[in-house]
Each structure stands twice: as C-alpha cells, then as structure tokens.
Amino acid sequence: MATVSVRQAKKVFGSTKILHGVDVEIADGEFVVLVGPSGCGKSTLLRMIAGLENISGGEIAIGGRVVNNVPPKDRDIAMVFQNYALYPHMTVRENMAFSMKLAKAPADVMEEEVKRAAKILGLDALLDRYPRQLSGGQRQRVAMGRAIVRHPQVFLFDEPLSNLDAKLRVQMRSEIKELQQRLATTTIYVTHDQIEAMTMADQIVVMNGGRIEQAGAPLALYDRPANLFVAGFIGSPAMNLLPGRVADGGFRTDGGALLPLPPGANAQAATYGIRPEHLMLADDGVEGTIVLVEPTGSETQVTLRIGETQIIGAFRERVQGRPGDLLRVAPDLSLVHLFGPDGNRLP
Amino acid sequence: MTDAAAAPQSNTATAAPEMLSWDSKSRRVVMLYVPLACFLLILLFPFYWMTVTAFKPNAELYDYATHNPFWITSPTLDHIRHLLFNTSYPHWLWTTMLVSIAATFLSLLSSTLAAYAIQRLRFRGSQYVGLAIYLAYLVPPSILFIPLATMVVRLGLFDTPFALILTYPTFLVPFCTWLLIGYFKSIPYELEECALIDGASRLQILRQITLPLAIPGLISAGIFSFTLSWNEFIYALAFIQSSENKTVPVAILTELVTGDVYQWGALMAGSLLGSLPVAIFYSFFVDYYVSSLTGAVKE
Ligand SMILES: Nc1ncnc2c1ncn2[C@@H]1O[C@H](COP(=O)(O)OP(=O)(O)O)[C@@H](O)[C@H]1O
Ligand SMILES: [Mg+2]
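Line order of the protein sequences matches chains Y and R.
Quick note: the first sequence uses the UniProt record's numbering, first residue 1, plus one each step.
Quick note: the second sequence uses the UniProt record's numbering, first residue 1, plus one each step.
Hints in this document: simulated from the structure, not taken from any laboratory.
A quick note: this is a predicted structure, and the numbers were derived from the prediction, not measured.
Keep in mind that a hint or two might mislead.
Claimed, not checked - Simulated restraints, written as ranges between beta carbons of each label pair:
1. R:Phe158 x Y:Ala103: 51 to 59 angstroms
2. Y:Gln82 x R:Pro141: 41 to 49 angstroms
3. Y:Gln82 x R:Phe158: 56 to 64 angstroms
4. Y:Pro37 x R:Tyr128: 32 to 40 angstroms
5. Y:Glu178 x R:Leu121: 37 to 45 angstroms
Note that the Cβ used here is the ideal one computed from N, Cα and C, for glycine as well.
Work the whole structure out from these sequences, hints included.
Take a look at the structure:
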C-alpha cells in the first residue's frame with residue numbers, strides 16, 4: 001500500500017498537449033476516482049501512472065519513490081482494463097497465475113493465491129474455464145482477480161464497468177467498492193460516469209481538457225462546486241445554471257425570470273445555480289409554465305419555463321400538472337450557488 | 001501443381017451455404033451448386049488429367065484414335081516404377097522437401113520478429129522499414145536471380161541446397177512479414193500492455209501471449225511459404241546444376257524430357273507425386289488457414 005503523488009504531470013503526443021500540468025495527491029488506502037468527459041485525458045494520466053505512457057513533464061511518485069523512469073512491472077501496480085484484456089488462450093486459473101508464474105513463484109503458493117482470490121470473487125467453480133466461456137460480469141471479476149493475487153501497492157482501473165449492462169454495473173460497482181475497503185489498497189479509478197464517481201470515491205478528481213477542475217470528497221464537490229464545469233458535471237439531473245445579473249432585488253436571468261437571492265449575495269454574480277432537487281413547490285414561489293412532467297416513481301422531474309428560461313425541478317411530491325399548467329416553485333436559498341463572470345464560484 | 005490449391009478452396013466455398021439463407025431449394029441449386037460445380041470442374045480437371053496420364057500405358061497415351069483420352073482401359077504402374085527406380089526422383093523429392101522446410105522455417109522465424117517489431121515496437125522509422133520490405137517483394141525473381149547468382153557463386157553455395165534455402169527467403173520473408181503484420185494488428189494491444197504490467201519481458205510477451213494467439217496466422221504463412229518454395233522454378237533452375245541436387249519442378253522438366261521426347265507418363269507421375277505432399281500439408285491445416293484469412297482473434 002502506498003501514497004501516489006502526481007506533480008505537474010504533462011503529456012504531449014507529437015505536438016498536441018494532452019495534459020497541462022496535473023497535480024494529484026493520493027493518500028495511502030484511498031479510493032480516488034478520475035472523472036471527466038470523454039477525451040479529457042483521464043486514461044492518459046492513468047497510463048502514465050501505470051508506466052504505459054512516458055511522462056513528458058513533471059513527476060509521478062508511488063510510495064514516495066519517483067517512478068518516471070521505472071518500467072511498469074517494477075512499479076508494483078495492477079491494472080484492470082476496460083475490455084478486461086484477459087489472455088484468451090489461458091484458463092481463468094492460468095490468467096490469474098500468469099504474473100506469479102513470471103515471477104517464478106512456487107506452485108503451491110500460486111495455487112493458494114489463486115484459490116484465495118477466486119473465493120473472494122466467487123470464481124471457485126470457473127477456474128478451468130476459458131475467458132470466452134464467461135459472461136461479462138465474470139470476466140470483470142477475473143480481471144480483478146488477476147489484479148488482487150499480486151498484492152500490488154496500487155490498483156488502477158480504466159472504465160472497468162463500461163462494457164456491462166446497467167444492472168450489472170450497479171452490482172459490480174458495489175463489489176469493487178467493498179473489495180477495496182476490505183483490502184485497503186490505494187486505488188485509482190477512471191470513469192466518465194459521475195454517478196460511479198460519487199458512489200465509489202473517497203476523493204473525486206474532476207478533469208476537463210487536460211486540466212483538473214476540482215478535487216475533493218464527493219459531497220464537498222456536490223455542495224460547493226468550484227466552478228461552472230464541476231457544477232454542471234456533478235449531480236444528476238444536472239444543476240440548473242442560469243446566466244443573468246443581480247438586479248431588481250433579486251437575480252434577473254437573461255431569459256427574464258426574477259429569482260430570489262440569499263441575503264448578502266455577491267453583486268458580481270453572473271450565473272445562478274440551483275440543483276433540481278433544491279427547488280420546492282411553494283405557493284409564494286416564482287410562477288412558471290410546465291413544459292414536461294417526468295415521474296420516476298420516487299420523485300417527479302418537471303421542466304418549467306419562466307419567461308424564456310427553462311428550469312428543471314425534481315420534487316418528492318407527485319406533481320399533478322400537465323404541460324401548459326402553471327406551477328409555483330421556490331429555490332432553497334441556502335443551497336443557491338452563484339458564479340462570477342469568470343465561471344468560478346463566488347464566496 | 002497449382003492443382004493442390006483446389007482442395008482448400010473448395011472447402012472455403014462449401015462453407016458458404018450455412019451463412020447465407022436461401023429461400024428455395026431450386027434457387028439454391030441455380031445460384032450455388034451449378035456455379036460451384038463449374039468452378040470445381042475447372043480447378044480439378046488438370047489434376048484429373050495428370051492422374052489419368054500417370055497411370056496410362058504408353059500404347060494408350062500416344063494413340064487417341066483408338067483410345068478415349070479421358071479414360072484408362074488398362075492402368076499401369078510402369079511410369080511410377082520408372083520414376084522411382086530408374087531416375088533420381090526420390091532424391092529430388094528429398095531435396096525439395098529439405099529446401100522447402102528449411103526455407104519456410106527460416107522465413108517464418110525472421111518474418112515473425114520483423115513483423116512484431118514493425119507492428120508493436122513502433123521504433124523510429126518502422127513504417128519505412130515495413131515499406132522497404134514490401135518493395136523488395138515487388139522485384140521480380142526473373143531479375144533478382146542475376147545478382148543473386150553472383151552472390152551464390154562467390155559464397156561457394158552454387159549447386160548446393162543452401163543456395164536455395166538462403167535465396168527463397170528473399171520472396172518469402174516480405175510475404176510472410178506482411179501477412180503477420182496484419183495478423184498481429186488483430187491481437188488487442190491491451191493484452192500485451194497487461195502482460196507488461198504482469199512483469200513479462202518483450203520476448204516473454206512474444207512467446208507466451210502474441211505467438212500462441214497468432215498460430216492461425218503463422219500456419220497460413222507457413223503453408224504459403226512451403227507451397228511457394230515447393231513450386232519455385234527460376235532459382236532452382238539457375239542455382240542448381242547437378243542432376244542429383246535438383247528440385248522436383250525443375251528435375252521433371254530437365255531430366256524427363258530427353259531431347260524433344262516428352263516422357264508424358266513419367267512427367268505426369270512426377271507431378272502427381274510431387275504435388276501430394278503439398279496437398280497433404282494443406283489438408284491438415286485447412287481450418288486454421290481459412291480462419292486466418294477470414295477472421296481474427298476472438299475474445
Ligand atoms: N497515442 C496517442 N497519440 C495521440 N493522441 C492520443 C493518444 N492517446 C490519446 N490521445 C489523445 O489524448 C486525448 C485524451 O485521451 P484519453 O486520455 O484516452 O481520454 P479519456 O479521458 O477519454 O480517457 C484524446 O484527445 C486522444 O485523442
Ligand atoms: Mg479513456
């Protein structure tokens with residue numbers, strides 16, 4: 001187990017800059033999720049930590065040792081790839097034992113390690129099968145088994161669940177999280193799915209365009225997004241972000257709606273953010289016209305038009321309205337987010 | 001000797017009906033079996049002709065007026081006996097076998113390493129090396145044999161099997177390299193990255209991951225090399241002089257044609273026996289061969 005430090009890491013492919021100086025500090029035993037839209041450089045960063053890509057600038061240290069010039073096999077890491085990368089010509093047992101075989105471990109140790117991992121992952125009955133004879137979830141488990149038999153200092157996962165169907169994804173999500181808590185191994189997990197990030201991480205690192213937008217605990221990011229990108233990226237359904245300005249004793253959106261501001265609000269505010277779940281039905285609220293009602297059972301999502309501004313609310317109550325009806329809603333003033341003209345959060 | 005190719009090709013073709021769905025039987029006959037039958041007929045006829053001639057007594061062979069040219073009335077083993085006991089045919093066969101196997105082995109070895117380096121190591125300028133290897137393939141042997149002859153003589157290899165074993169790779173290596181580059185490309189690179197993290201060296205990756213997955217590709221490259229070596233003519237004609245050391249294709253033409261007399265029976269018997277090893281070789285590996293040309297690594 002080890003800490004991982006990424007300091008001012010840069011990556012250049014040919015003449016294209018992919019990472020522009022990234023800093024991440026990962027504590028021993030922490031579960032860190034790198035999240036961001038596709039193409040933002042998450043995999044590249046992970047592969048640099050693994051040693052599969054060289055480092056164009058900056059420094060990466062694992063367990064206090066700078067590994068810039070250390071080959072992958074000597075970094076004491078294990079990686080799970082998106083499409084599992086199981087060796088097709090080897091059985092599950094051989095797949096799991098491969099790294100130990102290369103390290104010339106004694107046969108009884110190998111067998112014991114494989115058995116132990118198989119037991120943890122529920123693969124006992126499948127040890128003699130070939131990867132093609134396994135389902136997606138089972139392959140995923142074998143890939144994880146291959147990682148845990150090595151007792152690495154760091155686990156690296158690159159979108160390991162994106163090839164699974166929705167239900168299995170939720171199940172494997174909790175399995176991975178549980179396993180990580182049991183083994184307490186430092187883990188870096190890449191995903192583009194913010195729900196995965198929120199549910200699994202101790203620390204989330206939100207990336208965009210080769211830069212880190214914000215890093216912190218999931219709820220910290222949810223409660224206090226540092227900028228418009230994080231505000232829009234974390235949370236589902238996404239936060240309403242309404243451009244406008246402070247005027248007329250409230251916030252006047254560009255679409256013409258007048259929204260209430262919390263006391264002492266910064267007059268520089270250029271964007272008003274409110275999460276759908278922080279809007280309440282209120283008789284003294286702002287009046288809007290219903291555009292769409294989407295009940296999910298546990299809550300009802302309503303798209304409203306206030307002036308020219310569209311805003312989404314998510315309510316515990318069952319909203320009876322139909323498109324065209326009027327509805328009054330009020331934001332929870334303590335949960336309003338204000339952003340300045342530069343897109344950063346205002347204090 | 002191209003006849004040997006008929007066997008695997010017909011197999012490829014008959015696999016088709018399972019994949020296409022044909023609505024009516026008559027349509028199936030017209031669209032599939034009739035063209036297929038014509039195809040087979042054309043491909044197999046030379047083989048048939050060769051077989052028939054090899055077992056025909058001379059009396060029938062040279063007298064079409066009284067004998068049906070497409071049939072044998074009294075088959076004989078005379079030609080084969082003549083070939084095996086009155087000529088050096090067994091020795092020619094042995095030389096051809098030796099040369100083909102050695103050249104194939106040599107070419108496969110160097111092509112595997114070359115293809116792996118070009119496709120996976122991506123060293124600086126690797127694509128130019130790939131291109132250069134391909135260009136070498138485009139130089140026709142009928143030109144290349146002249147400079148090669150000089151080299152063969154200077155190295156003291158003239159009239160030895162080594163002259164052929166070392167020159168055949170000039171056309172086998174480019175061919176196999178390109179075939180294997182394509183095959184390696186179909187093996188997910190992630191597998192190798194994963195092995196790299198698991199602690200394997202490049203050579204271990206090649207031996208334990210890439211090559212086992214590339215077996216179908218290696219087999220088809222091997223079959224191609226073996227067949228091309230077996231049938232090769234120009235180099236074998238130019239670099240070998242003594243009757244003893246000749247390969248089958250050259251020997252039957254130079255040794256079995258005395259003056260302007262064609263010993264048709266012996267010629268055909270020689271061709272028939274000479275094409276059997278290739279046909280047998282093909283038949284063992286036909287499944288791999290087809291799969292490597294039509295599909296790549298699955299899961
Ligand atoms: N080997 C490469 N050569 C050139 N560009 C690359 C290479 N690998 C990745 N990129 C580029 O780097 C960017 C980030 O890629 P990646 O890290 O895979 O993104 P993601 O966040 O989706 O995992 C992408 O724009 C991609 O096109
Ligand atoms: Mg990626």
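Between proline 37 of chain Y and tyrosine 128 of chain R, does the C-beta distance stay in 32 to 40 angstroms? holds (37 angstroms)
Using the Cβ atoms, figure out if phenylalanine 158 of chain R sits within 51 to 59 angstroms of alanine 103 of chain Y. holds (52 angstroms)
Range hint 56 to 64 angstroms: satisfied by the CB atoms of glutamine 82 of chain Y and phenylalanine 158 of chain R? Given range 56 to 64 angstroms: holds, Cβ gap about 58 angstroms.
Can you let me know if the beta-carbon spacing of glutamate 178 of chain Y and leucine 121 of chain R is within 37 to 45 angstroms? Roughly 40 angstroms apart at Cβ, these two residues keep to the hinted range, so it holds.
Starting from the range 41 to 49 angstroms, see whether the pair glutamine 82 of chain Y and proline 141 of chain R falls in it by beta-carbon distance. holds (47 angstroms)
Checked against the numbered hints above, the structure breaks none of them.
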